[in-house]
Amino acid sequence: MSIEVVNLSHSYKEGTPFEKQVLFEINLSIGEGEFVGIIGPTRSGKTTLAQHFNALHIPRRGKVLIDGLDTKDKRADLVKIRHRVGYVFQNPEYQLFAPTVGEDIAFGPLNQKLSREEVEGRVREAMAQVGLDYRALRDRDIFALSGGQKRRAAIAGVLACKPGVLVLDDITAGLDPRGREEILSVIKELHHRRNLTTIFISNSMDEVAAMAERIIVIDRGRVIMDDPTRKVFARFKELRDIGLELPEVTVLIDSLRTAGFNLPAGVLNISEALTSISAALRELEARK
Amino acid sequence: MELTKNITLGVYLPGKSSIHNLDPRTKIITATIMIVLLLISRSYAAFALSALFTGFLITLSGVPAGYAMRGLKPMLPVLAIMWVFQLFLFKAPDTTVYFHWWIFEATAAGLHMGNLIILRVLFLFTVTTFLTLTTSVVSLTDGLENLLKPLRAIGIPSQELVMTLVIALRFVLILAEELEKIIKAQMARGVAFDRGNFIQKTRKIFPVFLPLFIGAFKRAEELIVAMDARSYTGGKGRTKMKTLHMGRVDLGAAAVMIVYGGMLIYIIISTEPMI
Ligand SMILES: Nc1ncnc2c1ncn2[C@@H]1O[C@H](COP(=O)(O)OP(=O)(O)OP(=O)(O)O)[C@@H](O)[C@H]1O
Ligand SMILES: [Mg+2]
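Residue numbers (my numbering), protein chains in the order written: chain W, 7 to 294; chain P, 154 to 428.
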C-alpha cells in the first residue's frame with residue numbers, strides 16, 4: 007500500500023481563540039513495502055501527521071491519498087481505510103479499552119463482521135506474531151499486563167485487522183531497554199516476513215537508525231529532511247540543533263573525523279564504527 | 154476528529170478586558186443575579202433585553218461571540234427534541250391549535266412553552282460559560298469560597314464544597330479529552346462514529362462509556378494522590394496567596410447591574426408573559 011501526502015496543513019481548535027497551526031504544507035510519499043522512520047523533537051507534529059494516514063484526521067487544507075484514495079472524498083470508505091492502515095497509538099493505555107487481552111484484540115476483526123471462528127483465528131495469529139502466549143494471556147485482565155506486554159497487545163489488536171500499512175507511534179516510550187529490544191525485533195520481523203509497509207515514529211535517533219531505511223525529519227510542523235538513513239545522519243549537527251538526541255557512536259566518529267582521521271560521515275552503530283576505525287588504522291599503518 | 158473544540162464550559166480564555174479585571178465575587182454575584190432574573194422572565198421583551206445586555210458584556214470582554222456560543226453546538230439536537238416535545242405535548246385550555254395528528258396537537262401554548270424553555274437553557278448556559286471564560290479557576294475558587302464563608306458558621310463545609318464544584322468544572326474538559334481519545338482508538342479499529350444517522354451514532358456511544366468511567370476514576374485517583382502529597386486536608390486553616398480587592402471597576406459594574414436589573418424588572422412586570 008502507498009501513502010501520499012500533498013500540501014497538508016493542520017490546525018487544532020480551528021475557528022476558536024485557541025487555534026494553533028501544527029502542520030505546514032507537508033509533502034511526502036511512502037511506497038509499498040518501505041520502512042520509513044519519522045523523527046522529530048517532542049510536539050513537532052508527528053502524531054498529528056500520523057493520524058492523517060488512517061483518516062483519524064481529515065485534511066481541511068491539502069490532501070492525503072491512501073492507495074490513490076482521497077480521505078477527503080465523501081464517498082471514500084473510511085472504515086476500510088482504517089483497517090488497511092493500522093495505527094498503534096502513542097499511549098497504549100488509550101488504545102486498549104476492552105477488559106481482557108483477547109477481547110481487545112478481537113475488537114477490530116469483530117467490526118469487520120467476521121465469524122466467531124475467524125475472529126478467534128485472527129486473535130491467535132496476532133498474539134503469536136507479537137510473541138504473546140495465547141493460552142496464558144487470552145483471558146488476562148488488560149491492567150494486569152506489564153508495559154511491554156501492553157505494547158504488544160496493542161500491536162496485536164492492530165495486526166488482527168490485517169493491515170497493509172503499520173503506523174507505530176512512539177511505541178517504545180517508557181519501556182526499559184529489554185522491553186524495547188523485544189518490541190523492536192517483533193517489528194523488524196513483521197516487516198521482513200510480511201513485507202508490511204511500516205512507518206516508525208520516534209524521537210530516539212538510536213532506534214530509528216537501527217530500524218529504518220529512510221528517515222523523514224519533522225521540526226515544528228515542517229518536513230526538513232527526507233532522505234536515506236545514512237544521508238540524514240551525516241547532517242547530524244542540524245539534527246542536534248533542533249533538539250534531537252544522537253547516537254553516541256555517530257558523535258564520537260564525527261569528532262574523530264574532524265580531528266583528521268579518515269572516517270565516513272553518518273556512522274549508525276557500533277559495528278560500523280568498528281569496521282571503519284580498523285580500516286582507518288590499517289590505512290595509517292600502510293602509509294607508515 | 155476534534156471533540157474538545159466545542160467544549161467551552163470550564164474553559165478560561167485569558168484577557169485584559171474590564172470584565173476580566175473584575176473581582177471574582179462581583180462576577181459571581183452578577184451572574185447569579187442575571188440567572189435569577191432570567192428564571193423569572195416570561196416575556197419576549199424581557200429576553201430581548203437580556204440578549205442585548207449579554208451581547209454587550211461579551212463585546213466588552215473581547216471574547217469572540219462565536220466562541221462564547223460555541224458550546225451550545227453539541228446541545229442543539231437535545232434542545233430541538235425538547236422544543237418539539239413541548240410543542241406537541243404541552244396542554245393548556247383554550248389555546249389556538251395549529252396542527253392536529255392522532256393524539257398530538259401543536260398548540261400556541263406549546264410553542265411558547267417550548268420557546269421559553271429553550272431561551273432559558275440558552276441563557277443559563279451562556280451566562281455560566283461566560284463566567285468561566287473570563288474567570289480563571291483560581292480566582293473563581295477564591296471568589297466562591299469568600300462568598301460562601303458565612304455558611305461555615307452553621308456547619309456547612311463551604312470550602313470543600315467549592316473545591317468539589319471547581320474540580321467538577323475542570324472535569325468537563327478532562328472527560329471530553331478522555332472521550333475523544335477513546336473514540337479515536339475505537340475508530341482506528343473500525344467503528345464508524347462519523348457515519349450513520351442519529352440513532353446509529355448514539356448506539357455506538359455505549360461501548361465508549363466503560364473505558365471512559367475507568368479513565369475518569371483513574372484521573373480522580375491521581376488527583377487525590379496529588380492533593381494528599383501536598384497535604385490538602387480540607388478548607389480549615391488554609392490561607393490565600395492572593396487577597397481579593399474590590400476596585401473602581403467593580404463599582405462601575407454594580408451601577409450597570411442596577412440599571413439593567415431595574416429595567417428588566419420593569420419589563421417583566423409591565424409586559425404580557427408569553428405563556
Ligand atoms: N487535541 C489537541 N488539541 C490542541 N492541540 C493539540 C492537540 N493535540 C496536539 N496538539 C498540539 O499540537 C502540537 C503537535 O502535537 P503532536 O502530538 O502531533 O506532536 P508529536 O510530535 O507527536 O509530539 P510527541 O513527541 O510529544 O508525541 C503540540 O504543540 C500539541 O500541543
Ligand atoms: Mg506524538
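Read the hints as simulated data drawn from the structure, not as lab findings.
Treat the hints with care, as some may be off.
[To be verified] Covered by chain W, per the in silico footprint, the following chain P stretches (three or more residues, Cβ under 8 Å): (1) 210 to 224; (2) 324 to 338; (3) 381 to 395.
Note that the structure is predicted; figures quoted are calculated from it, not measured.
Even for Gly, the Cβ is constructed at its ideal location relative to N, Cα and C.
These are the hints, each one checked on the structure:
1. Remark: the region 210 to 224 of chain P is confirmed as covered by chain W, as 5 of its residues place a Cβ nearer than 8 Å to a Cβ of that chain, reaching the required three.
2. For a cut-off of 8 Å, the count of residues in the region 324 to 338 of chain P with a CB near a CB of chain W stands at 4, and the three-residue condition holds.
3. Look at the region 381 to 395 of chain P against chain W: 0 of its residues bring a Cβ nearer than 8 Å to a Cβ of that chain, fewer than three, so the hint is violated.
Figure legend: structure checked against the earlier numbered hints; the only hint not met is number 3.
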